[in-house]
Structure formats: C-alpha cells, structure tokens
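Colleague: Spelled out from the first residue to the last, the chains are:
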Amino acid sequence: MSRRAAGDAKRWPGLALGAGFFFAYVYLPILILVALSFNENRVVTVWTGFTLDWYKLAFHNDAMLRAAENSLIIASVAAVSATILSTLAAVRMAQVRFTGQTAVNALVALPITVPEIVPAVATLMFFASLGVTLGLGTVILAHTVFCIPFAYLPIRARLEGMDRALAEAAGDLYASPRRAFFKITLPLMMPGILSGLVLAFIISLDDFVTTFFVGGAGSTTLPIYIFGLVRTGVTPEVNAISALMLLISIALVSLSLFLGRSEHRY
Amino acid sequence: MLANIWLIGPAVVAIVILMVIPLSMMAWISIQARSYGGGVHWGELTGDAWLRFVFERNLDDSLSWSFNYLSIILRSFWLSALTTVISLIVGFPTAFFMATRPLRWRTLLVFMVTLPFWTNLLVRNYAWILILRDHGTINGLLMSLGVIDRPLPLLHNEFAVAVGLVYSFLPFMVLPIYSSLEKIDLRLVEAAFDLYSGRWRALRHVILPLAKPGIIAGCILVFIPALGSYVTPELLGGGKTLMIGNLIGHQFGAARNWPFGAALGLFLLALVLIAMTAYALRTRRSGGTQ
Amino acid sequence: MKYRKTSAWTGLASGVAALGMVVLSASGASADGELHLYNWSNYFPPELLEKFEKETGTKVTIDSYASEEDLLAKLQAGAGGYDVIFPGTTTLGVMVEQKLLEPINVKDMENFKNVLPAHQTIAGDEDRTYSAPYMWGTTGFTYLPSKVPGGKMEESWNAIFHPADELKGNIAMLNEMSDVWNAAAYDLGISKCTEDPAEAQKILDLLMGQKPYVKVYSNDGTIDRMVAGEVAVHMQWNGAAHRVKAKQPDAVYVYPKEGVTFWTDAMAVPKGAPDLDNAKAFINWMMEPENAAIASNYTGYSNAIKGSGEFLKEDLKNDPAVNTPEEYGDRLRPYQKCSEKSRDLRERVWTKLKS
Numbered sequence: 362m363s364r365r366a367a368g369d370a371k372r373w374p375g376l377a378l379g380a381g382f383f384f385a386y387v388y389l390p391i392l393i394l395v396a397l398s399f400n401e402n403r404v405v406t407v408w409t410g411f412t413l414d415w416y417k418l419a420f421h422n423d424a425m426l427r428a429a430e431n432s433l434i435i436a437s438v439a440a441v442s443a444t445i446l447s448t449l450a451a452v453r454m455a456q457v458r459f460t461g462q463t464a465v466n467a468l469v470a471l472p473i474t475v476p477e478i479v480p481a482v483a484t485l486m487f488f489a490s491l492g493v494t495l496g497l498g499t500v501i502l503a504h505t506v507f508c509i510p511f512a513y514l515p516i517r518a519r520l521e522g523m524d525r526a527l528a529e530a531a532g533d534l535y536a537s538p539r540r541a542f543f544k545i546t547l548p549l550m551m552p553g554i555l556s557g558l559v560l561a562f563i564i565s566l567d568d569f570v571t572t573f574f575v576g577g578a579g580s581t582t583l584p585i586y587i588f589g590l591v592r593t594g595v596t597p598e599v600n601a602i603s604a605l606m607l608l609i610s611i612a613l614v615s616l617s618l619f620l621g622r623s624e625h626r627y
Numbered sequence: 013m014l015a016n017i018w019l020i021g022p023a024v025v026a027i028v029i030l031m032v033i034p035l036s037m038m039a040w041i042s043i044q045a046r047s048y049g050g051g052v053h054w055g056e057l058t059g060d061a062w063l064r065f066v067f068e069r070n071l072d073d074s075l076s077w078s079f080n081y082l083s084i085i086l087r088s089f090w091l092s093a094l095t096t097v098i099s100l101i102v103g104f105p106t107a108f109f110m111a112t113r114p115l116r117w118r119t120l121l122v123f124m125v126t127l128p129f130w131t132n133l134l135v136r137n138y139a140w141i142l143i144l145r146d147h148g149t150i151n152g153l154l155m156s157l158g159v160i161d162r163p164l165p166l167l168h169n170e171f172a173v174a175v176g177l178v179y180s181f182l183p184f185m186v187l188p189i190y191s192s193l194e195k196i197d198l199r200l201v202e203a204a205f206d207l208y209s210g211r212w213r214a215l216r217h218v219i220l221p222l223a224k225p226g227i228i229a230g231c232i233l234v235f236i237p238a239l240g241s242y243v244t245p246e247l248l249g250g251g252k253t254l255m256i257g258n259l260i261g262h263q264f265g266a267a268r269n270w271p272f273g274a275a276l277g278l279f280l281l282a283l284v285l286i287a288m289t290a291y292a293l294r295t296r297r298s299g300g301t302q
Numbered sequence: 203m204k205y206r207k208t209s210a211w212t213g214l215a216s217g218v219a220a221l222g223m224v225v226l227s228a229s230g231a232s233a234d235g236e237l238h239l240y241n242w243s244n245y246f247p248p249e250l251l252e253k254f255e256k257e258t259g260t261k262v263t264i265d266s267y268a269s270e271e272d273l274l275a276k277l278q279a280g281a282g283g284y285d286v287i288f289p290g291t292t293t294l295g296v297m298v299e300q301k302l303l304e305p306i307n308v309k310d311m312e313n314f315k316n317v318l319p320a321h322q323t324i325a326g327d328e329d330r331t332y333s334a335p336y337m338w339g340t341t342g343f344t345y346l347p348s349k350v351p352g353g354k355m356e357e358s359w360n361a362i363f364h365p366a367d368e369l370k371g372n373i374a375m376l377n378e379m380s381d382v383w384n385a386a387a388y389d390l391g392i393s394k395c396t397e398d399p400a401e402a403q404k405i406l407d408l409l410m411g412q413k414p415y416v417k418v419y420s421n422d423g424t425i426d427r428m429v430a431g432e433v434a435v436h437m438q439w440n441g442a443a444h445r446v447k448a449k450q451p452d453a454v455y456v457y458p459k460e461g462v463t464f465w466t467d468a469m470a471v472p473k474g475a476p477d478l479d480n481a482k483a484f485i486n487w488m489m490e491p492e493n494a495a496i497a498s499n500y501t502g503y504s505n506a507i508k509g510s511g512e513f514l515k516e517d518l519k520n521d522p523a524v525n526t527p528e529e530y531g532d533r534l535r536p537y538q539k540c541s542e543k544s545r546d547l548r549e550r551v552w553t554k555l556k557s
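Residue numbers (this note's numbering), protein chains in the order written: chain A, 362 to 627; chain B, 13 to 302; chain C, 203 to 557.
Treat the hints with caution; some may be incorrect.
What the hints assert, rightly or not - Per the computed footprint, the stretches of chain B lying under chain A, defined by three or more beta-carbons under 8 Å from a beta-carbon of chain A, are:
1. 25 to 38
2. 109 to 123
As the list claims (entries may be wrong) - Each computed DMTMM-like pair below joins lysine to aspartate or glutamate, with the alpha-carbon atoms no more than 20 Å apart:
3. C:Lys539 / C:Asp398
4. C:Lys543 / C:Asp381
5. C:Lys554 / B:Asp60
6. B:Lys252 / C:Asp381
Quick caveat, the hints were computed from the structure, so don't treat them as lab data.
A quick note: this is a predicted structure, and the numbers were derived from the prediction, not measured.
All C-beta atoms, glycine included, are put in the ideal place defined by N, C-alpha and C.
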C-alpha cells in the first residue's frame, strides 16, 4: 500500500467494517419488525404464516390512525420549532462571548437532565393553574422545549471551532451580517442543523411520558396508544403501523432529496 | 446585546417558562408533606422526602441507614456509562465513515441513521426479544451452524439491557459526531498522516480534536437520557431491578409519593448540572472554548 | 461545493414544515357535543362506539392511557377535558376521596337493575354514587402443561412462589406492586392490608426467595411470552390468559386456592367533565346487557351485567378463565382499601425487592 493510499482517511480499515456493523445492528430489528407485520399469528413474536390482514385492520383502526397522525403533527411542528430556536441561539452563542454563557449552556441542557416525569407532572400543574385547555397545542409546546437540547447540541458542536473563520470570511467579503449569515454561516451549519432536526423529530415521535401528562382530549399519540395496549396485548397491527411509518419516512426523504436536487438545477 | 436577546432569547424564554418554572414547582413540592392518595398537602413543610435518600424507617418504624435508593442510583449510572462508552465505540467509526463519503451520500446517510426510529420503542424492544431469546435469531443461527449446542443466555440480563439501550441511543451519538467531523478536510488528514506518520497519531492529533465537540455533545445526549430509561431495562433486563427512571415514575404512580419523586428528580438534576459546570470551568481554565 | 447541499436541506426543512402545516390545518377543532372517553387502548369496541353514535347522535372520541396510576396522577395534577374515564379499583377509591369525580348517582339510573348483586357495591364507592362497573377480571396464573413436571400444577400460589426445580427460571411475574404483594399475602395467609412489619418482612422474604427463579417481571407482552413458550408459568390477568388459550388451547388458568384478587374497571365521570349529561346517558347505556356483552366479546374480560350471557361469544362462555366456574367463587377476594401504614409497608417491600 502506498503511503498516499494509507493516508486517505476514506479508506482506513475498520471504517467500512464499523459502519457495516452499525447499519446491521440498527436495521436487523427493523427487518424483523416489518417481517412480523405480515405474520398471520395474532401473537407478535411467533411466526405462523403470511397475511396482509394486519394492514387491513390497521387501516380500519381509527383510534390508531388518529394517534399516528397526531404523532406526526406533533413531531414535525415541535422538531422544526425547536430547531429554529436552537439554530438562532447557537449562532449567537458561537459569535460572542458574554458573562453568563455557561449558565445559558446549562439552561439549554436542562430539559434532558431530569427524568421526564418530573417536569411533565409540573408542567401539567402549571398549565392547569393557568386554565389552559390541554390538547395538541400544549403537547407541541412541551415537546418543543424538551427537543431543544437534542437540536441545539449537534448544531453547537458543528459551530465549535468555526467561529473565528466565520467572522473572518464574512469580513473579507465585506458582506452585511445578514448576507454573511445566509451565504456563509447557514450553509456551513447545515449538517448540524439537519442532525439536530432529525434527532429532535425522533425523540418527539417516541415520547410517552410528557405527551401523556400534558395532552388532553384528542391528543393521544402512537406511543400512548401502543403502551395502552397492556390490558389486551400488542398485536401485529402495531407492526403494520410501524412499517407504514417507515414507508412515510422513506417517501418524505426521497421527496426532499428530489426537491432539493431539482431546485439547484438552474 | 440586542442581538443576544433576539437570537438566544426565544430558546431561553421557552425553557424558562416550560422547564424552570415547572422544576421550581417541583422543588417546592419536594418539601411538602405527601398526601397518601397522591399529590401533597400544600403548606405542610417537611424534609422527609430528602431524608429518605439515606435514612429509612425500617419495617418496624425505627430509623436507620439505608442504601436501597443509592444503590438504584449507582446502578443506573453504571448502566448509562456503559451505554455511553459502547455507543461511542460503535458510533465514532460510523460517524467518521459518514463524514468521508461523497457529498450526495451524506444527507442520505443522516436519514438512514434515524429511519429505524420512526417505529415505536415497545415494538423495537419486542424485535430484540425475538433476536436474543433462547430460540431466537442468534441462538437459532449459532445452533444450526453447530457452534453451540445449548442456547446462550442472551436475554433478561445486563447484556441484553446494554444491547437495547445502545440501540436506542446510537443516533444521538453518531449524528453530533458526524456534524462536527463533516467539516474535516481530508487533505488535512493526509498531511497529518505524512507529518505524524501513522494512523493512530493522525487520529489522535487531528481527527479527535476536531470531533471533540461532537463527542461531548453525543455523550451528553446518550448518558443523561439513558439514566431515565425504563422500558428497555424492564423488557430486556427482566424488570428485576429498578432504574432511577422507574423509581421516580413509581413515586408519581403506584407509590403516590410525589415529594420523594420530586426530590429524586432534583437530586439527579443537581448531579448532572454540577458535573457539567465543573467540566465547563475546567475547559475554560485550560483555554478551551466553551 | 458547500452551498450546493444547502438547497437539498432547505428543501427538506420546508418539506417537513409544509407537511406539518398541512396536517395541522387538516385536523380541525373538535365540535361541541362530543363525548370524550379516556380508557386503555383496544379496551372499548369501535362497533359499540358506532352503535352509540347511531342511537344517540352523540359523537364519541377515545383517548388512551397506559396505567390507572398515571391516570390518577394526571387528574390530581389538574387535567380535564374527559367525560368518562375507566379507573380500576385501586384508584377509584382515591378519586372519590379526593373529590376528583362527579357524583352521578349510578344506583338511580334506569339500567342499574341489570348490575349483578355482587357488583352493586364496591370498596371506595359503596353506594355506587360515582361509578358503574365496566369489566372485571382476576389475577391468577397461567401455565403450559407440556412444560410443567407431571403436566399439572397445584392450584396454589405455592406452586409459583416455591417452584419445582424444572420451573426455576421459567416463571414470569406481573410487574405490578399490588398484584404481587396480594398474591404473596394470600399464600402466607396474611391480610393484604397488614400493618404488622413482621408480616411485611415475611412477604418480603417470600418474594426475595422466589426472585432468583423469576425470569422476568413485566406487564407487557404476557400473552406473547406464553404463546412463544418463553416461560412455562406466568402470573397473568384472566383476559390475557383467554388470549393465550386461543393459540395454546391446553394452557391452564389457575385460581389459586389461597385466594385470587378480583379487580374491576369502573366507569366514572371526572369533575368538570365538559358534557355531563351525555356522560351519564352513556354510562346508563353501557349497563344494557347487549352492550355490555359486545364490550366483553371485544376485550375478553367479564362484565357485571345480568342477561349479557346470551350475547356472549361461545369461546368466552366456555372458557373457565373468563367465565369463573362456580366452585371457584369463594376464592375470589375483592379489593380492600388499606391504611396508609399498610400501603407504606407494601411500597417499602417492593423497593427492597427491586433494589
């Protein structure tokens, strides 16, 4: 092996191996989960034969579909809001030094430092004392807040060490701060923003405790519906809806990649 | 200063209203007398909830030292730490791999990392039960290959919990590291390789420093949420021991001891904040940016 | 190079945001005159909802919870907006005591005459001022004869608290403080409301002695675990046992001779319910035999309504797990409201067991 090839970080041994292991690890359970959605047996973990019945049932299970819809609404709105708030904050935190910055850092991490149930119960009491009607709105507010650290930390990590370069680049171009932000800072931050957005999205999508406490009539989400199946047992209907969620996510990703591509063609 | 308010302000205000205020309410609740039906007797102040950490009324009502709760807290810390370390070991090469792919692949890979998590936690854990149980995927495969003739005990132990927790939190390690590594210039690595003549040294002197903010963010996002997890320990671990997450949940649920639940939560909060502040001060003193 | 991918990502971000907006605007505000039920998931038949909507013209929605203790905490913290909730016996009493429920005088309702005598009163709501029975069930254990030495287990809690060698490590328990405590108390012949620390110690000793042989403590997936044969014995609710039998017909549900807790899920109206009148009408309607039977057929649990038997599915009627045989009648132990001291002991035993 030439020195040059050895220095090529892309081809370091173990890298592809590690990533391969990672994706196998992450996708193996998902394959099984999807396979089981075609399982004729009512019992989730015993395979007996192929059927599409669970998809039919899932499509007729209004409570479950509504729960899935709620989950998607809450997760999209909360993740986007949290990402916007985090991006703004992270940019400023990287640009300037001011006293109390450590305190702001700690504050931003606050939502993940306590097991959810503690703020969840208190947030409910807070809403109740204000006379707020509980529902999707309150859930979205609460989710936005606990999504902030998940969006903020990747963005902040991205900006770390780039601060100086950013300011200089903007100065060199004699750009107005606004122009500099949209032309330079934002594009540079994108990997961080995207990471933060998807992390906030999945953390919101899977949340049970906060949603349960601050939700009201009409705001049952998929996790609450699924955990509420204790009395009668989970059926492959749940696998079917999970598979459908995967399908939605794949469609959404393909769409956005497609849109993104056509956008910069001209 | 005005820009501080407009840019940092919204996030701070949101957290103050929906996190600081509720947590202060919980701090107040933690020193109220518990109501046995759940909730508290407002205005009857007591330190009972806080004493409970280390003292216990024995079954015969005498007061004595007890480390039941501390042992639960310690075990949760150990399990979270284990989860974090394994996630880092598995996650770092993956993040590095992603960051070194051609541009058009990277976005796709970011989505691929999180795609499985569009499904539900409970169902994912069921899938793991299926893989790990006595006649499950792994044991079945190994036995049919004749590698083993008796199933390995893979389920209902700490190994299973670690597998499940790492699984749940991997994206939270991979993506922050990826986003800080993505800005890496591969020519820099090459140069470093020439300079330091060796992969390990190039890794240590060039790549790790670049990845450090991401690693720290990832560790925070894995370690702290893992502390509060309870579904995976129950389903994959067998539910024989409480984690701090279920211990606290239990106080607001079946045990109906809100003040104690609040005290436990705040104790955890204090530990984490102290650790974070100490870290921030240390890096500042040593000249790092924070 | 850099800003090229920006467009892809702005595309994505705007896509997600747009999706959010579209769905948000699609889900309109809820109309008035709706009845909001709050129940376990899959615990109320959709066809019964439609029947009610058709017969009364009231629209009904259902939300889910996953534990009655969570439901209690949620009401205590001040949540509202629900018309009918389905609390279990352990929380019903507390809700009454803490004035979280609307007095709706169930006993004066037209269909109350249909309620079986044993269910006309309940601990915590003796006069049936606040609640009507929905489903009831028992907490015993289920075993697979093929995996049990001799193909048969003694009808006693002893059989799972002091398991035979073959069963060691092959037992699953519910992860439910009260259920486990009660079973241990029955086995030892101790009152489940004991205030005596020495007796609590005995219960702890029994449970600690059993713990090494327990494979898993869990409420989730009890049916799967049995059908897949992951364990030979499972402490279980009878409705779940019924579903195990659908796939493992030789499975046996045991009513241990020392006593079996029978629990009730009630229907009640939380304070400040938006639609009190419809909530009452709904509860009365649910006490009609045919409606109760439809509910049982769906949930796999028994109801407390006279005359519902003729509408029940055959397999439910014929399953001794659901349709408790008369000779076991005296093994059923109703819920008792225990003192604070007793509850405290129970909780400390649970923590010690799990620490």
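Colleague: Would you mind confirming whether the straight-line C-alpha gap from Lys543 of chain C to Asp381 of chain C stays at or under 20 Å?
Modeller: The hint holds at about 18 Å.
Colleague: Within 20 Å, alpha carbon to alpha carbon, are Lys554 of chain C and Asp60 of chain B?
Modeller: 19 Å, holds
Colleague: Verify the proposed pairing of Lys539 of chain C with Asp398 of chain C, using a straight-line Cα cut of 20 Å.
Modeller: It holds: about 16 Å lies between the C-alpha atoms, which stays within 20 Å.
Colleague: Given the hinted pair Lys252 of chain B and Asp381 of chain C, is their Cα-Cα distance within 20 Å?
Modeller: It holds: about 16 Å lies between the C-alpha atoms, which stays within 20 Å.
Colleague: Are three or more residues of the stretch 109 to 123 of chain B within 8 Å, CB to CB, of chain A?
Modeller: Answer holds; 9 residues pass the 8 Å Cβ test.
Colleague: Under a C-beta cut-off of less than 8 Å, do 3 or more residues of the stretch 25 to 38 of chain B approach chain A closely enough to confirm the stated coverage?
Modeller: Check passed, 11 qualifying residues.
Of the hints listed earlier, there is not a single one the structure fails to meet.
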